[in-house]
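Taking the hints into account, I'd like the entire structure generated from these sequences.
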Amino acid sequence: SHIHLFGISFIFMFVGLIFSLASGVPRKLKAFVVVMPYLFLIIDIAAWWLTKLHPGFAWFVIIGGSAMALSFGFMWLVSIYEMWIMPRIHEDERDALLDE
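Residue 1207 is where the sequence shown starts when you use the numbering used here, and the numbers rise one by one after that.
Derived by calculation from the structure, the hints in this document are not laboratory data.
Hints are not guaranteed to be accurate.
[What the hints assert, rightly or not] Computed Cβ-Cβ distance ranges for the label pairs, DEER-style:
| id | residue 1 | residue 2 | range |
| --- | --- | --- | --- |
| 1 | L1227 | P1261 | 24 to 30 Å |
| 2 | L1276 | P1232 | 39 to 45 Å |
| 3 | I1291 | A1264 | 37 to 43 Å |
| 4 | W1265 | P1293 | 39 to 45 Å |
| 5 | A1264 | S1226 | 20 to 26 Å |
| 6 | L1227 | W1254 | 31 to 37 Å |
Backbone N, C-alpha and C define an ideal beta-carbon position, used for all residues, glycine too.
Here it is as structure tokens:
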């Protein structure tokens, strides 16, 4: 479980960093959304171990993993939308590669 915790945390860190630059999301919502995958990751991995003690904790694996995926998906979708789809108003129409 330690390698999953380490690797997934770094993925969340990089996606969270990109998401924190989103312009269309309020600051408080950004802070909330960036923290949520980490909390659900802890719930998910803790439930892996707790399920060994009692099978009822398996529900927390499902809930934690699903919520982690939803929060990651939200950050990813907003980031991709703002980087690639959202129309931009360009004040400067020069081409940086062709114009001198």
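Hint check:
| no. | hint | in the structure |
| --- | --- | --- |
| 1 | L1227 <-> P1261: 24 to 30 Å | 42 Å, violated |
| 2 | L1276 <-> P1232: 39 to 45 Å | 19 Å, violated |
| 3 | I1291 <-> A1264: 37 to 43 Å | 38 Å, holds |
| 4 | W1265 <-> P1293: 39 to 45 Å | 43 Å, holds |
| 5 | A1264 <-> S1226: 20 to 26 Å | 33 Å, violated |
| 6 | L1227 <-> W1254: 31 to 37 Å | 33 Å, holds |
Hint check: violations occur at hints 1, 2, 5; the rest are consistent with the structure.
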